[in-house]
Amino acid sequence: MDNSLKKSDNTQKQKLNSEQFAAVQHTEGPVMIIAGPGSGKTRVITERIAHLINIGINPENILALTFTNKAAKEMKARIADLTENNDVFAICMGTFHSIFSKILREEAHIIGYTTNFTIYDNEDSVKIIRRIIKDLNLDKDIYNAKNIFTRISLMKNYIISPKKYLHSETLKKQDLNNKRPEFLNIYRKYCESCKQSNCMDFDDLLINTYDLFKENEEILNKYQTKFQYILIDEYQDTNKVQDEIIKQVSDKNKNVCIVGDDSQSIYSFRGANINNMLNFKKFYSDVKEFKLEQNYRSTQNIVNAANSLIAYNKNKIDKTIFSDKEEGEKIQLLEYYNDREEGQKIATLISNSIQQSTSASQHAVLYRTNSQSKVIEDGLRKLGVKYKIYGGLSFYQRKEIKDIMAFLKLILNNNDDESLLRIFNYPTRGIGLSTINKIRLKAEENNYTIWRTLNSEKINEVHFTKNVKKNIDHFVELLHTIFKSINKNVFEILELVIETTGIVRRLEDNPNPENINRLENISELFNSTKIFSMRSNNDKLIDFINEISLDESTEQKTTHNDYVSLMTIHQSKGLEFPYVYIVGLENGLFPSQQSMREKKQLEEERRLFYVAITRAIKKVIVSYSLNRFKFGSMNQTTQSLFLNEINYYFIKTIKNQKAYKSHSTTFSIPKLNNRKLVKITNNDHNHHYKNLQIGQNILHNVFGKGTIKTIDNSHGNQKIKVLFLEHGEKILLTKFAKFKIIS
DNA sequence: CGGTAGAATATTTTT
DNA sequence: TATTCTACCG
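Numbering (my numbering), first residue to last: -1 to 741.
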């Protein structure tokens, strides 16, 4: 396990304080635990669940909703330690999305879906909306697909169906003012499209659960009876539908415990509503409230600085967070000439700190936007400091992985139009865009899905050239072949898909660095299906797809385990590090441009800064740059207004003497082409590897140790198949792969 | 139809 | 700057 992310053990060994203890013991009725940063929240939750099990509650009757699936996994492990009960896996524990997707599969038939519905990610959704907008002949600039999707998502989060929208004059007026009178039409079409394709987007997983419970009393009753004890973490970041679902499910037993901190609510852009927490006491009578106010994580200076900042927010629950740890150092405020200098200097600070007896994993760099990671990366790389970036694209969102996943999803759900459209001509098979559009329109005309259209008489009403017709027939035949594999294990299915579609072959035929990287990712996918197929009893395609559709982790794999963590503040939620660097404290960046206009949004940005500061155990370093590169040009900036809100007693400004005559621009840093691919390596080493032999052990820069299994010299590119100790089998091109022979 | 080159456009945060 | 979109030629 990541030691950087593990909570420090000092809180573990101590006894619970009286408030924590009381919160653990008070099991009956509605409970609200307001848990400040570092107050041992996770510990209270795990101990509480363990306590329930230890007093004889059946784990099956516990529902615990967490913010990420990773958190759920870690908590389960801890509860197992506390209960001597191997049955912790019976606890229904996970994110709203993953728990309810399972319930929805179970009950799918009731709401007009089948159990094998597939899940659209945001990219899929936006694509569908883009297509709808185009089909309606609307101006794509006024009807920006992403904006429309965001708005649809917000509607769903607030339980406003197209029907309800119709009754809201306010909403209609809003869209009219935005010159988007067709919004409702798009919304409606989008919903129809999802439903017809037997697909749900992320929001549907919630809204459909809500509707299911609302319209089916027996079903609701079944789950009310099952979930006798309900616990929700991070309640401040729940949205309206989630709040309502909780009310539905807990209505019978009323044993609902919410945990959270209104000051750490940072997801309102996703519909999260701080008022869910603030109104909890109004909705349930006799709520027992606990406040965990002692911060066991940070020094007094850090806690005080954070308190002085958050005091500027109006909308909050009263509480006094305090620390009785050492006073500690003041927050350091650093000013730099530009973003690049900021990256280099912060990297230097970290590097120096590491040399003075701390380890890399004790440091984290936090920023407002993902794009800011680049300059930090450059700085760290130059100094040879190991780092890991959280965020960016999740593995399963990469193009080549999504392409293959589209086949798998289609096997599961033949009517998943979005997946079908994605692979209709991938790999290219002579079916072009105009052909696809013709078929699409024919499908729409009949209210058929594309797959159904392809297999019906209707397809004959469309005119194709002879050749195209042949290609389509081939494609349909190919799909029929792979569809038959649905009941095999995932690994075999994937093998079949790769074999019959020739995806890998095409990439291998053109081994440029980009394709090499894709091949590596695909073999990574192979490995994970292999592991999945071996694991437990669920090797079914449906389980695999469900799991990865809801996989939120965006961690890169690294071979070393001591590294500096780089992530957005949003991702740092719940984590802690001894040394925290918060960069880019500039107006327009943090707080972001959009949020500076509205008070409510500014308060959220302030909470975000609060979250960032309170991640630190020992020391906080804050920085900003007077100039920042944006859209390819340099812009002047001003320091963030938040910096003046921290009481001067807890923060120390250190002016950077060299800032104005920095020579940092005179030498250039090796550039990373982009995040997801291309590790171009030394081709000069080529000749060293000419005499590779089967059975040799090698050390690869990413995959570690492995043994050469086969060598293929055909096609002019030497390819070797290597079995890695930790990463399984991979095919590498010796021309590009970076490795050493070790025996 | 397929591939590519040059243009257009985008940066707030994500289950 | 980096990624995505569009237009055009083979």
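It is possible that part of the hints are untrue.
Stated by the list, open to error - Just the calculated beta-carbon pair ranges, DEER-fashion:
1. 356 x 120: 35 to 41 Å
2. 88 x 652: 52 to 58 Å
3. 652 x 632: 20 to 26 Å
4. 145 x 88: 53 to 59 Å
5. 152 x 434: 28 to 34 Å
6. 162 x 249: 21 to 27 Å
7. 434 x 273: 42 to 48 Å
If you are wondering where the hints come from, they were derived from the structure by calculation, not from laboratory data.
Heads up, the beta-carbon is just placed ideally off N, CA and C, and yes, glycines get one too.
**Request:** Check each numbered hint from earlier against the structure, then list the numbers of those it violates in ascending order.
**Result:** Violated hint: only 4; rest satisfied.
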